[in-house]
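So the chains spell out like this:
There are 2 protein chains.
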Amino acid sequence: MNDSPMGGWNTQTQKEILQMKKIAIGIDIGGTNSAIGVVDADGNVLAKGGISTPSHGDVDRYVKDLAEAVREMLKSVMQINANFEVIGIGIGAPNGNYYSGTIEYAPNLSFKGVVHLVELLKKQFPEYAHIALTNDANAAAIGEMIYGGAKGMKNFVMYTLGTGVGSGVVVNGDLVYGHDGFAGECGHTTLIPDGRLCGCGAKGHLEAYCSAPGMKRTAFELLAKYNAIDSQLASKTFQNMESKDIYDAAVKGDKVALEVFELTGKYLGQGIADTVHHLSPEAIFLFGGPTAAGDFIFKPTIASMEAHLLPIFKNKVKVLPSKLSAGDAAIVGASALVWKELDK
Amino acid sequence: MNDSPMGGWNTQTQKEILQMKKIAIGIDIGGTNSAIGVVDADGNVLAKGGISTPSHGDVDRYVKDLAEAVREMLKSVMQINANFEVIGIGIGAPNGNYYSGTIEYAPNLSFKGVVHLVELLKKQFPEYAHIALTNDANAAAIGEMIYGGAKGMKNFVMYTLGTGVGSGVVVNGDLVYGHDGFAGECGHTTLIPDGRLCGCGAKGHLEAYCSAPGMKRTAFELLAKYNAIDSQLASKTFQNMESKDIYDAAVKGDKVALEVFELTGKYLGQGIADTVHHLSPEAIFLFGGPTAAGDFIFKPTIASMEAHLLPIFKNKVKVLPSKLSAGDAAIVGASALVWKELDK
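Protein chains in written order, with the working numbering: chain S, 1 to 344; chain R, 1001 to 1344.
Chain S with its partners taken away, still in its complex shape:
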């Protein structure tokens, strides 16, 4: 049946199409660096690199450099397998607005005001149907859903604990962006009225207690409270203490460090209970440095969440560590945004 000249050609083309492997580009824009990765549909990072995020606000130049770096990376990836098909670019950035494709008044970036990043990248890559942007925590939540522990879950929330506390909310299988694209800022729920000053200018927000710097603030409060001159944390300055130091001290049984984890979990569990009361999720995922402390942080968090919940929610909601690998989560999450667009 395949003996016409066209038959052979068709078969060859079909074979090539079958071999085409879809890949997505993930970009994570931070205050210092912009990480770029090429990611396949299973979340494997085929190549990664990056450029500096400018310390001065020349957006046009930055986008040109970024596009150049992406093209270079794709060139090297195509040398491995010429049949890769790029399906688009996903970007995670602070204050990234999914609806408008803009970065808006991001405090830690040099770009002032509103930057139309998706529009600028579309000019560089008119051949890609899907170029989408959201904030970094939302990207991580989509990453968890596409590649991680939330596969198959329709309702979950991701908390990312780091320098700040971000979150991404998934309802009925879709990320919630809300009315103007900024939903999912659970790090700024109020835990303590008139409490600690938050980086955003308000008081008592979760981020001021449960971020890595928040844990350090708790450690310093406890050192002062107990006059704990013998604590392993007593030799650190406020400038230099890191959450890793608190973990190391806790492992060695340091009482102050252990109480920091107890309190951080108590605070975090209170905030997570608020989230559960709003959304009745199947699970809460925790991501970021402090979660590496395992039971030190998970046990008090779960106990506190349960204590704050209505009876109808008790012993139902899972609190789980993210399954995204720490090093690649940001670019993998950003790339996941593209796979999610394909579903639509």
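Treat the hints as calculated values from the structure; they're not laboratory data. All figures in this text were calculated on a predicted structure; none of them were measured in a lab. A couple of the hints might just be wrong.
[To be verified] Stretch-level coverage of chain S by chain R, calculated; a stretch enters the list once three of its residues show a Cβ under 8 angstroms from a Cβ in chain R: (1) 164-173; (2) 192-206; (3) 268-281; (4) 301-311.
[As the list claims (entries may be wrong)] Dumping the calculated EDC-like pairs for lysine to aspartate or glutamate here, alpha-carbon to alpha-carbon at most 16 angstroms: (5) Lys-314/S with Asp-1180/R; (6) Lys-1314/R with Asp-180/S; (7) Lys-344/S with Asp-174/S; (8) Lys-318/S with Asp-1180/R; (9) Lys-22/S with Asp-343/S; (10) Lys-1255/R with Asp-1245/R; (11) Lys-316/S with Glu-306/S; (12) Lys-1154/R with Asp-174/S; (13) Lys-316/S with Asp-1180/R; (14) Lys-314/S with Glu-1104/R; (15) Lys-1252/R with Asp-1295/R; (16) Lys-266/S with Asp-1194/R; (17) Lys-1316/R with Glu-104/S; (18) Lys-1318/R with Asp-180/S; (19) Lys-266/S with Glu-306/S; (20) Lys-154/S with Asp-1180/R; (21) Lys-1316/R with Asp-180/S; (22) Lys-1225/R with Glu-1259/R; (23) Lys-154/S with Asp-1174/R; (24) Lys-1022/R with Asp-1042/R; (25) Lys-1203/R with Asp-180/S; (26) Lys-1075/R with Glu-1085/R; (27) Lys-1154/R with Asp-1174/R; (28) Lys-203/S with Glu-1306/R; (29) Lys-323/S with Asp-42/S; (30) Lys-1314/R with Glu-104/S; (31) Lys-316/S with Glu-1104/R; (32) Lys-236/S with Asp-248/S; (33) Lys-1266/R with Asp-194/S; (34) Lys-22/S with Asp-42/S; (35) Lys-1318/R with Glu-1282/R; (36) Lys-1154/R with Asp-42/S; (37) Lys-1022/R with Glu-1341/R; (38) Lys-236/S with Glu-221/S; (39) Lys-22/S with Glu-127/S.
Beta carbons are placed, not taken as given, at the ideal position from N, Cα and C, and that holds for glycine.
With the hints as your guide, set chain R onto chain S.
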């Protein structure tokens, strides 16, 4: 063209079909009474009545009585217009689970454990394609969306302030039920760690501050704090003070009463800011007795919400009074559940 015998008959039938007017039945189950209403697509209540909710837990008997009352009411409505077409029954009930059609462990109802109300009603009314149940606050939110001030809004949250505080969350035009059907319990977010005892057994929940009894508790705290023997509220017992008393005193300039509203707004605004950070809604609707106080409650609520918000949310989110009429909101909201089902 219409001179065949069938022609006339067809025209007649078409006319009747054109005259058919769709109506829905709304049932609001409370601890004492179950209100029943027949509601048209514009939210007009064509008839209303009710039966006692049993003080002892005989569910089968209750459902039989309820069905009988519905049939009687429909009979009287059909006498007005025989061309009404009943499209279904919507029910609002405490701890009503939309997914399973059950009422689960409702503390103020005599029914113990899990009551399969939708299943029982379907046996009574096999002819109706749509019989659906949710909790009363969710029903009110759907009512606001179908008939009220949230028409055309895709993302909003409704707070219902009464004996308790309920809420209904709408994302992308759909009510959020969450993983197991109980989403939207914003009345149980924690405002004050280790604060007032809440009816649910936990501490510091919003409901313990912003419900009508919560306002009374605030009034008694302030009477004690200021030793306010001359306050108009000083003559009321703890058993008898109502939120209306506080409003009446505030109108007359009573300082304690005015401060009750200030504080209630401060508490409520803190909780609403948490909701905004989760969901980025277009608007928050407030429903229930205390909202009749107008600016007394809205002004401090909005001021407090704004003070707790991230800059990207400031001056964006509307806080609005519900447009549902107080007397009929519960049955109208319950009936709206049926119209919402029709959309699916």
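Which of the stated hints cannot be reconciled with the structure, identified by number in ascending sequence?
-> The structure breaks hints 25 and 36; every other hint is satisfied.
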